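**Q** All chains, full assembly: derive it from the sequences and hints.
2 protein chains.
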Amino acid sequence: MAVNVLERSTMKPISNATALTVLLIAMTLPNYLLADEGMWLFNALPVEHLKSTYGVEPTEQWTEHLMKSSVRFNVGGSASFVSSNGLVLTNHHVGSDTLAKLSTPENNYLKDGFLAKTTAEELRAPDLELNQLINIEDVTEKVNARIDTHMDDATAALERRKIIGEIEQAAKDSSGLRSNVVTLFGGGRYHLYQYKKYTDVRLVWAPESAAAFFGGDFDNFNYPRFCLDACIFRVYENEQPAVIEHFLAWSKNGPAKGEVVFVSGNPGRTSRIFTVDALKTERDHMLPYSLDYFRRREILLQQYSLRGVEEARQAKDDLFGIQNARKLYTGKLQGLQDPAIMKAKIEAEQRLRKQIATDPALARYDQAFDTIKEIQTKKIARLGTGVRISSQLFEIAQTLVQMAEEDTKPSAQRLPEFRDSSRESLEQQLFSSAPIYKGLDQALLADSIARTVELLGADSEVCQKMLGGVSPVQLATDAIYGTRLDDIEYRKQLAAGAMEAIKTSGDPMIRLAQAVDDHVRAEQKESEELRETQRQAYAAIAEALFATEGTTTYPDATFTLRLAFGPVKGYELNGQQIPAWTTMGAAFEHSENHEGLEDYELPNSWIENKTNINLDTPYNFVSTADIIGGNSGSPVVNKDLELVGLIFDGNLQSLPSDYQYDDRQSRSISVHSSAIREALLYIYDASHVANQLGK
Amino acid sequence: MAVNVLERSTMKPISNATALTVLLIAMTLPNYLLADEGMWLFNALPVEHLKSTYGVEPTEQWTEHLMKSSVRFNVGGSASFVSSNGLVLTNHHVGSDTLAKLSTPENNYLKDGFLAKTTAEELRAPDLELNQLINIEDVTEKVNARIDTHMDDATAALERRKIIGEIEQAAKDSSGLRSNVVTLFGGGRYHLYQYKKYTDVRLVWAPESAAAFFGGDFDNFNYPRFCLDACIFRVYENEQPAVIEHFLAWSKNGPAKGEVVFVSGNPGRTSRIFTVDALKTERDHMLPYSLDYFRRREILLQQYSLRGVEEARQAKDDLFGIQNARKLYTGKLQGLQDPAIMKAKIEAEQRLRKQIATDPALARYDQAFDTIKEIQTKKIARLGTGVRISSQLFEIAQTLVQMAEEDTKPSAQRLPEFRDSSRESLEQQLFSSAPIYKGLDQALLADSIARTVELLGADSEVCQKMLGGVSPVQLATDAIYGTRLDDIEYRKQLAAGAMEAIKTSGDPMIRLAQAVDDHVRAEQKESEELRETQRQAYAAIAEALFATEGTTTYPDATFTLRLAFGPVKGYELNGQQIPAWTTMGAAFEHSENHEGLEDYELPNSWIENKTNINLDTPYNFVSTADIIGGNSGSPVVNKDLELVGLIFDGNLQSLPSDYQYDDRQSRSISVHSSAIREALLYIYDASHVANQLGK
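Chain order of the listed sequences is W and L. With our numbering, letter number 518 in the first sequence gets 518, and the count goes up by one each step, no holes. Position in the second sequence (first residue = 1) + 1000 = our numbering.
Rather than coming from a laboratory, the hints here were simulated on the basis of the structure. Everything numeric in this text was worked out from a predicted model, so none of it was measured. Some clues are possibly wrong.
[As the list claims (entries may be wrong)] Simulated pairs of lysine-lysine, DSSO-like, Cα-Cα distance not exceeding 27 Å:
1) W/K51 x W/K639
2) W/K465 x L/K1373
3) L/K1378 x W/K378
[To be verified] Pulled from the structure, derived: some chain W residues nowhere near chain L, Cβ distances all over 12 Å:
4) G55
5) D152
6) P241
7) R269
8) A348
9) D370
10) R484
11) E489
12) A496
13) A522
14) E572
15) D663
All C-beta atoms in this analysis are idealised placements derived from N, C-alpha and C, irrespective of residue type, glycine included.
**A** Here you go:
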């Protein structure tokens, strides 16, 4: 019986906050999954499959050790503990947000790299929060307990938000841990994730961006690759390096060709459950819309960078982020525009709907497909109807304005980010000492106001109210150079003063946030209702899928910890065999082959130390492990849980994997552990760091 | 009486092909014009205004000499004859299309500049056509003779196209001149323009792009400026330098501060007659749509350039063009988003409509405003509904496919570009030996097919037919690497073989052009009908304007020869006085102030010859002359018709002048004649060229 399938499945809670109980799954994989497909929940690993396919048996200890050695960067990214004294390994491009915030015109750590000779020299990040997953619990029944099918979607959404708020608050109160309820299977399951937080995080080592992002935007998402996309932080507690129980040992030689490896990280978002109608909306509307925005912002940041060397430095990290997104979305769209990929999706859906149609017990799930179809029309109509303002100072103002309003309600009824259980994380961001560049922020604000005016029409009520008779450029200039929100103390005053302080502030940026707040809230509400409708429909589709195709599977990515795996393995492209790994020596050749292009200039540290390093050291390698954005910085381990690599990218062929996994050419790309060690020892003069790794 | 106003006005023919008769206009300017506003028709100059304001009297000889010394670059741009032996002066950025086509991986003339030591070394442009205006004739009555108000717009459009075709053919047959009927006042008048064509055009001198486009994309449209945006061609006849009767003398010292100067060039397009409804469509729909496209193409060309130094060279000129357009449109949009500008437009329109309403003789014009309003809805609905494919090889294929079809009709009934009277110009482009880079063309084709799929939806009939079951990237790759259209002989064969050859060609690019042809033609037809409706409405509005505001005015720009004027004059910006001109010496300072930015590196020729030049030589200057895109390369002359400068840009404040002229801060920017001479003599070792100037 379909309804009970999920209850019999593997979604059981890990029942207490310190010990981990993993159910051993004896069932085989559903037939629609490829061998290495899957971003598996840590409380529902495909144990039997791993045993039969790779001879690896993830025991409770194995799983707990890997889970607790894994680290999430809350800004978006993954990492791992790699020493007993708190060293955290992640990608340079995950650490880059902090590197940029720590940089000054005099010390450009993002570009030039950084090395602390002693712990005293380690630099504290202004607003990093790292999370270590401690516990997972299935709370689906609790979340659904007060929801019934007679509620309209607005009521259901409000009620669900309230229940989730209560669960999170109770969990935090009893454990002291960061507690978040995660929606899985598009609404089929709700799990409570509990994390230990680290908020004192310090920079230990970063290479030059020329080494980390060698080959630049063109090589990004390409393979073969030659990037030292790594950096090292250290977590502190009570002003001392934290003592870490679960950390990864450092592999002596890294993986062999064909050896299975495991990736433990936080994939951000996938859309594999999407119906064909939803995919077509992505293809014909959502992705083109996002790409227009990315390109717009990319050009804007480039324009700002042309003003001067210092301005280029200020914009660099944002520019990288937006270029990365633009390239990623371009690849996703190309995937959906490929009739072969869409055909596979159509056929799978037809198969499922046919099975539903022939089984009276499943018939009620069919309606879900029509619901999703109806939602598409609404989604398309809503595209570009929101206020799309973004600038650092505006976002601070918006947070303060919304917080004052939300704080008048009981915690559980607030928008999620304003609940008491999230206040500490929110304030870390809100009162961050990260630099704000007013010139850059003016450019971002002016353009995003102009974009809002374009999307909503200059004569629309909200735009007229927002602009107050001046041009977007003028409004932005007045707000940026008139606001006091760059002063952290003033932010704290406003936050402490609550609604009264906001109402009487007179700060032009606060006024701007107030002017659009009604529109923003109305949009958030509609959006939440639509998501609720969608959640209920996808929950039904998930149930139908389990009932027809098998019971052991993985949900779409949710920026929570997952396990992926697969062998280290090259692939064929246009008749050529692409080898599984590159070497450090080949990086020099790659540079020579691109003479005259700035992005292919290796830093001096590499050129000067070329004779000191073993040029045959494996540098980057590919595997079939199923990853996506958010996995950046994930540790890659062998079956003995030794660190053999560091995920930093997927190849171009992997970009459509948001929608569909493919093991023919799609590959995840890692920095080889030996290259990190070799570089620390013989390029960066950082033996004191290298010697702590895995110890 | 309103109807007769225009007939009494100045739109009289210049009645024969060699002599010029200019009517002296005794009337004062309409009160809504600013002193230096206007892109004046050469057969309707504001003679009295020039006399009373600037003490300059343009005689027949004066006007004819300036008109015949002026040159139009058909690729888009203006120029002038500057010697008796055929030297033509224009902007580097007007010549850049040819510079790029003449460049090779070994000789990058676009980047490194060029100098012919002798006429034998002058390089023939592969497909340049230069036009010298010889005659203007008012053919309004002829064009309207067979149009009556009972015709529906489709019939009227077809009929008008036919009549214009007949007029052009007859004019060409009798004179041998290139003959084009130009729509003025949005449809209020039709003039026949006749040109002598020069198709053997050779490159004489061009500076490095680092000197011509010093300051790059950031300084573009900015002022103060320091650009040697100039290059020199020579026209040939019968393999000899052409003997030129009308050419401009070279001023000894250039203009004085406050001196009035004249600009004779071909402004491309303005929209000053647009109603408020039309301007709002521009602001909220058309400009944002175009900008999305420009940014998309800019990123695409940047991406292609990242592939390598040679690829960057191939894409450079296209990239400049698109960046220029993106910056221009951004400024136009900012203008329309400025409530102050829109307010002035609204008030002017309200004033006009009120006057119409109070005068029974004018009442019938009011309907035109509603017609324009109705058109906006259609225009917005049509946005993005067309096939938007662009690549060099695709455009060749499309021309061949359409030509075969059009050639089955009588000449006068064809689409304008396929008439017999235009065949020579068409073939010069179609059979051009300009290089085609298949890698670049594949990137352009793939992206523009993908864009078409995004705009029309992948499941639309035309996209399904176009794609034939493969992805956009695959389709583009197959067409680019499968076509034979890069072979000029094959193009000639297909052109000669007409419809039969096209039908049986089997060439994949021809097939692609055929697959979308029905859709393209349907769109062209709808578009032409809409334009006809619009023409009739704007013609009525123009009549109303003449009747109420005055009879002597200028029509919106149409890429035909116009005269603009105004004093050399600085302006105030943010409380600072911006001086009227810069000096060559200040270019070195500007470079030093932007150390570390590639766009501000002066070429070696400048650095090496710094001590040889007079650093006080005026370099760039501004005037209030009313110009717009297309004016690039226009000669700037003093009242004695000596060349004192070379238009190359407008400042940022001038960008909204598409919609409204403003003389407070809006300025045209020119290269000073003395700087051109100084550079030729003391930087580029080109005294043999400098010595021919003005002689």
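**Q** Now tell me if each hint is right for this structure.
**A** Results of checking the hints against the structure:
1. Simply put, W/K51 and W/K639 have alpha-carbon atoms about 11 Å apart, close enough for the 27 Å limit, and the pair holds.
2. Between W/K465 and L/K1373, the direct Cα distance comes to roughly 25 Å. Compliance with the 27 Å bound is thereby established for this hinted pair.
3. Only pairs whose Cα atoms come within 27 Å are accepted, and L/K1378 paired with W/K378 is accepted, the gap being roughly 23 Å.
4. The beta carbon of W/G55 sits about 39 Å from the closest Cβ of chain L, which is more than 12 Å, so the claim that it is off the interface holds.
5. Distance check for W/D152 against chain L: the nearest CB is about 32 Å away, which clears 12 Å, and the non-interface claim stands.
6. W/P241, annotated as away from the interface, keeps every beta carbon of chain L farther than 12 Å; the closest lies near 39 Å.
7. The claim that W/R269 lies off the interface holds: its Cβ sits roughly 21 Å from the closest Cβ of chain L, which is beyond the 12 Å cut-off.
8. Consistency note on W/A348: stated as away from chain L, and its beta-carbon is indeed over 12 Å from all of that chain's, at 18 Å minimum.
9. At roughly 18 Å, the least C-beta separation between W/D370 and chain L is larger than 12 Å, which holds for a residue marked as non-interface.
10. Listed as a non-interface residue, W/R484 keeps its Cβ farther than 12 Å from every Cβ of chain L; the least gap is roughly 23 Å.
11. No beta-carbon of chain L comes within 12 Å of the beta-carbon of W/E489; the shortest separation is about 31 Å.
12. Taking the minimum C-beta to C-beta distance to chain L, about 37 Å, the non-interface status of W/A496 holds against the 12 Å cut.
13. With a cut of 12 Å on Cβ distances, W/A522 stays outside the contact zone with chain L, its closest approach being about 21 Å.
14. At roughly 17 Å, the least C-beta separation between W/E572 and chain L is larger than 12 Å, which holds for a residue marked as non-interface.
15. Every CB of chain L is more than 12 Å from the CB of W/D663 (nearest about 20 Å), matching its label as outside the interface.
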